[in-house]
Amino acid sequence: MNRQFGRRTLLRGLAGGAAVTVGVPLLDCFLNTNGTALAAGGRMPVRFGTWFWGCGMTPDRWVPKTLGANYDIPVELKPIEPFKQQVTVLSGFQALLDGRSNFPHSSGNISVRTGSAPDKADEVKAPTIDILVGDVMGTDTRFRSLEMTATGDPKHSYSKRSANVTNPSEVSPLALYTRIFGPEFQDPNAADFKPDPRIMLRQSVLSAIKDHRDRFEKNLGAADRARLDQYFTSVRQIEQQLQLQLQKPPPAEACLLPKAPPETPVGTDIEMAIRNHKMMAELLAMALACNQTKVFNVVFSDSASNLRRSGSSTTHHSLTHEEQIDPKLGYQPQATWFVERSMEAWGTFLEVMTSIREGDGTLLDNTMVFAQSDTQLAKTHSIAGIPIMIAGKAGGKVKTGIHIAGNGDPISRVGLTVQQIMGVSIDRWGSGSMLTSKSIPELSA
Amino acid sequence: MIRHGIRIAAAVGLLALTACGPDEPASSGGPPSVRRMTEAQYRQTVADIFGPDVKVTGRFEPGMRTSGLLAVGAGRVTVTPSGFEQYEAMGRGIAAQALDEKHRDRLMPCKPASPTAPDDGCAAQFLGKFGRLLFHRPLLTDELRDQVSVASKAAQTLGDFYAGLQFGLAGLLAAPEFVFREEDFEPDPAHAGQFRLTAYAKAQRLSFLLWNTSPDDELLSAAARGDLDTRKGLAMQADRMLASPRLKDGVRAFFTDMLGFDAFDDLAKDSVIYPKFSLKVANEAREQSLLTITDLLIDRHGDYRDLFTTRKTFLSRPLGMLYRLPVATRTGFEPHEFAEGDPRAGLLSEISFLALHSHPGRSSPTLRGKAVRELILCETVPAPPANVNFSIVQDTSNPQFKTARDRLTAHRTNPTCAGCHKIIDPIGLGLEAFDGAGQYRANENGAPIDTSGEIDGIAFKNAASLGKALHDDPATPACLVTDIYRYAAGRDPTPGEKDWMAYLRQRFAAGGYRLPELLRLIAISDDFYKVSLPTGLSEPVKEATR
Chain C
1 MNRQFGRRTL
11 LRGLAGGAAV
21 TVGVPLLDCF
31 LNTNGTALAA
41 GGRMPVRFGT
51 WFWGCGMTPD
61 RWVPKTLGAN
71 YDIPVELKPI
81 EPFKQQVTVL
91 SGFQALLDGR
101 SNFPHSSGNI
111 SVRTGSAPDK
121 ADEVKAPTID
131 ILVGDVMGTD
141 TRFRSLEMTA
151 TGDPKHSYSK
161 RSANVTNPSE
171 VSPLALYTRI
181 FGPEFQDPNA
191 ADFKPDPRIM
201 LRQSVLSAIK
211 DHRDRFEKNL
221 GAADRARLDQ
231 YFTSVRQIEQ
241 QLQLQLQKPP
251 PAEACLLPKA
261 PPETPVGTDI
271 EMAIRNHKMM
281 AELLAMALAC
291 NQTKVFNVVF
301 SDSASNLRRS
311 GSSTTHHSLT
321 HEEQIDPKLG
331 YQPQATWFVE
341 RSMEAWGTFL
351 EVMTSIREGD
361 GTLLDNTMVF
371 AQSDTQLAKT
381 HSIAGIPIMI
391 AGKAGGKVKT
401 GIHIAGNGDP
411 ISRVGLTVQQ
421 IMGVSIDRWG
431 SGSMLTSKSI
441 PELSA
Chain X
1 MIRHGIRIAA
11 AVGLLALTAC
21 GPDEPASSGG
31 PPSVRRMTEA
41 QYRQTVADIF
51 GPDVKVTGRF
61 EPGMRTSGLL
71 AVGAGRVTVT
81 PSGFEQYEAM
91 GRGIAAQALD
101 EKHRDRLMPC
111 KPASPTAPDD
121 GCAAQFLGKF
131 GRLLFHRPLL
141 TDELRDQVSV
151 ASKAAQTLGD
161 FYAGLQFGLA
171 GLLAAPEFVF
181 REEDFEPDPA
191 HAGQFRLTAY
201 AKAQRLSFLL
211 WNTSPDDELL
221 SAAARGDLDT
231 RKGLAMQADR
241 MLASPRLKDG
251 VRAFFTDMLG
261 FDAFDDLAKD
271 SVIYPKFSLK
281 VANEAREQSL
291 LTITDLLIDR
301 HGDYRDLFTT
311 RKTFLSRPLG
321 MLYRLPVATR
331 TGFEPHEFAE
341 GDPRAGLLSE
351 ISFLALHSHP
361 GRSSPTLRGK
371 AVRELILCET
381 VPAPPANVNF
391 SIVQDTSNPQ
401 FKTARDRLTA
411 HRTNPTCAGC
421 HKIIDPIGLG
431 LEAFDGAGQY
441 RANENGAPID
451 TSGEIDGIAF
461 KNAASLGKAL
471 HDDPATPACL
481 VTDIYRYAAG
491 RDPTPGEKDW
501 MAYLRQRFAA
511 GGYRLPELLR
521 LIAISDDFYK
531 VSLPTGLSEP
541 VKEATR
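For the record, the sequence lines run as chains C and X.
Here the working numbering is used: the first residue of the first sequence is 1, the next is one more, and so on.
Here the working numbering is used: the first residue of the second sequence is 1, the next is one more, and so on.
Heads up, a few of these hints could be off.
Unchecked claim - Derived coverage of chain C by chain X (criterion: at least 3 residues anywhere in the stretch with Cβ under 8 Å from a Cβ of chain X; other residues may be distant):
#, segment
1, 147-161
2, 195-209
3, 286-293
4, 303-311
5, 341-352
To be verified - Residues from chain X that face chain C, not an exhaustive set, calculated with beta carbons under 8 Å:
#, residue
6, 76
7, 78
8, 81
9, 83
10, 88
11, 273
Keep in mind that the hints were calculated from the coordinates and are not lab data.
Quick reminder that beta carbons are idealized off the backbone N, C-alpha and C, glycines included.
Given only the sequences and the hints, what does the whole structure look like? Please build it.
Below is the structure:
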C-alpha cells in the first residue's frame with residue numbers, strides 16, 4: 001500500500017513549503033491500512049467525505065469578494081461564518097463539456113466528481129472521487145464508506161464506481177443507527193474483547209461462495225462478467241469487514257455509543273430533510289469518532305433539488321426555473337430561500353463535526369469534507385463556477401480559511417488536488433479539456 | 001378465484017389448437033441475461049419457499065430503469081459492498097427464522113441424530129432440498145458438499161445442529177446463484193450451430209414471467225424430466241401456470257414495472273394543498289389500478305385496449321374521498337362503474353396515473369403527456385435543453401395566464417421548446433380536469449378548463465375521448481407486446497427477432513388483444529428460448545446443470 005503514497009506527493013508536500021514538518025502529518029498515509037498501528041502510535045485517523053446540495057447558489061450573494069485568507073462572508077455563506085477558519089471556498093472553476101450538451105443537473109455534478117463530462121444524461125465514465133480516495137484509505141474500517149441522504153430516496157447518491165454501481169444512501173436515521181451501532185457494533189473502548197466465533201463462521205460462508213466463482217462466470221459475456229466481478233469484490237469487502245471484527249478494535253477516545261434516534265418520517269419536505277440531516281450527521285460523526293468508517297457521502301438535497309416547503313405547490317428545482325426575479329432584490333426570493341436553508345444545513349454539519357473533540361482539536365480537524373452542488377445558478381443550469389467548499393484540515397494536510405478563485409480553470413483541478421492530498425497516487429486526472437495535471441498548490445498545507 | 005382460473009384454462013386450451021404452428025417465423029434469439037432479482041421477486045420467493053410468515057428485513061439496492069423497465073435494468077445492475085452487506089444479513093435473518101423451533105419441523109425433511117452435533121446426512125438432505133428451490137436447479141455435488149461442510153463446522157463450533165445449519169442456508173441465500181438469475185444455455189439439438197436455454201433456465205423464465213417468483217417444485221421436476229424441451233410438456237406447464245390465480249401476481253408485477261408504479265413508494269403530495277391525499281391513498285390508488293387491470297385482462301379476459309376506455313373500476317373508502325363518491329364497503333375495495341358521461345373513463349383518468357405524473361402541489365400536462373408517450377406508446381421524449389427560462393410559463397399568479405393551457409401556449413411559441421412540447425402538452429391538457437392529486441375540477445384560478453386536444457392528428461375533447469384515441473392507436477397494443485417481451489427476456493428485442501416481434505403483434509391483434517394469450521404465445525414458443533452466444537464467447541464452456 002505504500003505505493004499509493006507516491007514520492008511525488010511527498011515532494012510536493014515539501015515544495016508546497018507550508019510550515020509543517022513532513023513526517024508527522026503525512027504518517028497516517030503510510031500506515032493507513034493498519035488501524036491498530038495508528039492507534040498504538042496515538043495518531044488520529046484521517047477521514048474524507050463529501051457533502052452535497054442541489055441547485056447551487058446565487059453568485060452575487062454567495063461568492064466572497066476578496067480572495068485568500070480572511071475572505072468576506074456574503075449573505076448566502078452566513079451560516080459558515082463561525083467555521084470560516086476551517087473552510088476554504090473555491091469559486092469560478094469550470095466544468096468543460098467540449099461541445100457536449102449540458103445535461104441539466106447531471107453534467108456539472110458528474111464533471112466535478114469524476115473529471116469527465118457525460119455524453120448522455122447520468123452517464124458516469126469514471127469513478128467518483130470518494131471511491132478513488134476510499135480505495136486508498138477506506139480499507140481498514142468496518143465500513144468502507146457510509147452514504148446517507150436527507151431526502152428519503154436511496155437513489156439520491158453520487159458515490160458511483162460506474163453508472164450501474166451506485167452506493168445507495170441510507171434514508172432513515174434509525175436504519176443508519178442500527179447498521180452502525182446495532183448488535184454488531186464493537187465498542188472500541190470496551191475493557192474486554194472476545195472474538196465472536198460466529199464471525200469466523202460467517203467468513204467460512206463467504207469463502208464457500210467465492211469458491212464457485214469461476215463456474216458462475218464461465219458462460220458470461222464481458223459486460224455481465226464485470227458485473228459479477230463487482231459482486232465478488234463486494235463479497236471480499238465484507239470478508240475484510242468481518243476480519244476487522246475479529247481483532248480488538250483500537251481505543252477511540254471520542255467514541256461514545258449514541259442513543260438510538262426515534263423513527264422519523266422521511267421525504268422531500270424541507271423541514272423533514274433538515275431534521276433527518278442533523279440526526280444523520282450526528283450519527284455519522286460518532287461513527288467516524290468510533291473508527292467505523294473513514295469515508296462518507298452525505299446528500300442534503302438531490303441534484304435538481306426536489307425539496308419543497310409544506311403548503312407550496314412547487315419544489316426548489318421548479319422555483320429556480322419558474323419564479324420571477326424580484327426586480328428590487330435582483331434574485332428569485334423563494335428559490336434563494338432554499339439556498340439559504342441548504343447553507344444552514346451545511347453549517348449544522350460543520351457544527352456537529354466540530355463538536356466532537358479529538359486530541360488537541362476536533363473531529364473536523366482530522367477530516368476533509370468536500371462540499372459541492374450540481375450547478376452555479378440553477379435558473380440557467382450554469383456550470384461555470386459550481387460552488388465547492390473544502391472543510392477540515394485532514395490532520396494538517398489542508399489549508400483552510402481561504403478563498404481560491406478558479407478564473408475559468410477546469411474544475412477537475414479541485415478533484416485532482418483533493419485526491420493527492422488524501423494520498424491517491426496520481427499526477428493527472430480527468431478527460432478531454434478537463435484532463436489536468438495542475439493541482440492547486442494553495443490548497444495544500 | 002378458482003372459477004376464473006377454469007375459465008382462462010378453457011380459453012387458452014382452445015387457443016392451443018392453433019397456436020405455435022409452423023407459421024412462427026425464425027428468430028435469432030438474443031444473448032442470455034443475468035438479472036439481479038428484484039425486491040418483489042426476492043420477497044415472493046422467500047415467502048413461497050419458507051412460508052409467508054418468514055420476514056425479510058433489510059434494504060434492497062435501488063433498481064435501474066433501462067428501456068423503460070426495471071426488468072431490463074435488472075440485467076445491468078450489480079451488487080455494491082453495502083448491497084451485499086444487506087444480502088448477507090437478510091440471508092442470516094431468513095435462515096434463523098426458517099430453522100427456529102416454530103418452523104423447523106415443517107421445513108426439515110429429516111431429524112438429526114442429535115440436536116447438539118453435526119449430522120452431515122441430514123444437513124445434506126435439507127440443503128439439497130432448499131438449494132434446488134433457491135438456485136432453480138439441483139445443487140452440483142461440490143456446491144452441496146461445501147455448504148454441508150460449512151454447516152457441519154458451525155454445528156461443531158456452536159454445539160447445535162440447527163444453529164449450524166443456518167450458516168449453510170445463509171450461504172445459499174447470499175450466493176450469486178440466488179441473488180442473480182443466470183440463464184444457462186446449451187446447443188440446440190434441433191438446429192446445429194444454434195443454442196437454446198437449458199430446461200432449468202426455461203423454467204426460470206416461465207416462472208418469473210407468469211408468477212414473478214422462482215419455479216416451484218412441479219416446474220423444476222418437469223424441467224428435470226425433459227418435459228420443457230417438448231412442445232407438449234412446455235404447453236402443459238404454461239397452461240397450468242396461466243390457469244393459476246398466481247398469474248395475477250405476474251401480471252401485477254409487469255404493469256407495476258411498465259407503469260412505473262414503484263414511484264408510489266416515495267410519492268408525496270403537499271398536505272396543505274391536497275389534505276385528502278395521504279400515503280394510504282397513494283397505496284390504494286395503485287391498488288385500484290392494478291385491480292382494474294387484472295379484472296379486465298384476467299377475470300373478464302378482456303381486450304387490452306379497453307383498459308383506456310373502461311368505466312369499470314374498484315374503489316375504497318379513502319379513495320372515495322378523492323373521487324367524491326360514497327363507498328359502502330368499510331375496508332377494502334368494491335367494484336364501481338363510472339356513469340356514461342362521467343369525466344372519468346380508462347386508466348389515465350384514475351388517480352394513480354394522474355397523481356403520479358404531477359408535481360407535489362399541482363398538475364402537470366407536460367409530465368402526463370410525456371408519460372403517455374413513453375409508457376403507453378413506447379416513444380422517447382428528449383430531455384429539455386439546459387438554458388430554459390420557464391418563468392413566464394409557470395407563473396400561476398400572472399392574471400393573463402390563468403390556466404395551464406394559457407401558460408403552456410406561451411411555452412409552445414418558444415421555438416426551442418416547441419418541438420417537444422407540441423407533441424406532449426396537448427395530450428396532458430386533455431387530463432387537466434384533474435388536479436395534482438387526481439381530483440376533478442372544472443376551473444383553474446376561476447377560469448374554465450378546456451380539455452380538448454389532439455394526439456398524432458386525432459382530435460379529442462376530454463379524458464374519455466383521449467382514452468378512445470389511445471384505444472384506437474395501433475401503437476398502444478404494439479407497445480405492450482414490445483414491453484412484455486422486454487420484460488420476459490430482460491433485454492430489448494434484437495434485430496434478428498424483428499420478424500418474430502411482428503408475428504407476436506399480428507397474433508395479439510388477431511386474437512382480440514387478450515393478454516393471457518399473448519403470454520402463452522411467448523411462453524410456449526421456441527423463439528423465446530433461443531439464445532445467441534454472449535459477446536466474447538465462441539461456445540458455451542460451462543457443463544450443463546441437468
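Outcome of the hint check:
no. : hint    : result
1   : 147-161 : holds (count 6)
2   : 195-209 : holds (count 10)
3   : 286-293 : violated (count 0)
4   : 303-311 : holds (count 3)
5   : 341-352 : violated (count 0)
6   : 76      : 5 Å, holds
7   : 78      : 4 Å, holds
8   : 81      : 4 Å, holds
9   : 83      : 7 Å, holds
10  : 88      : 6 Å, holds
11  : 273     : 6 Å, holds
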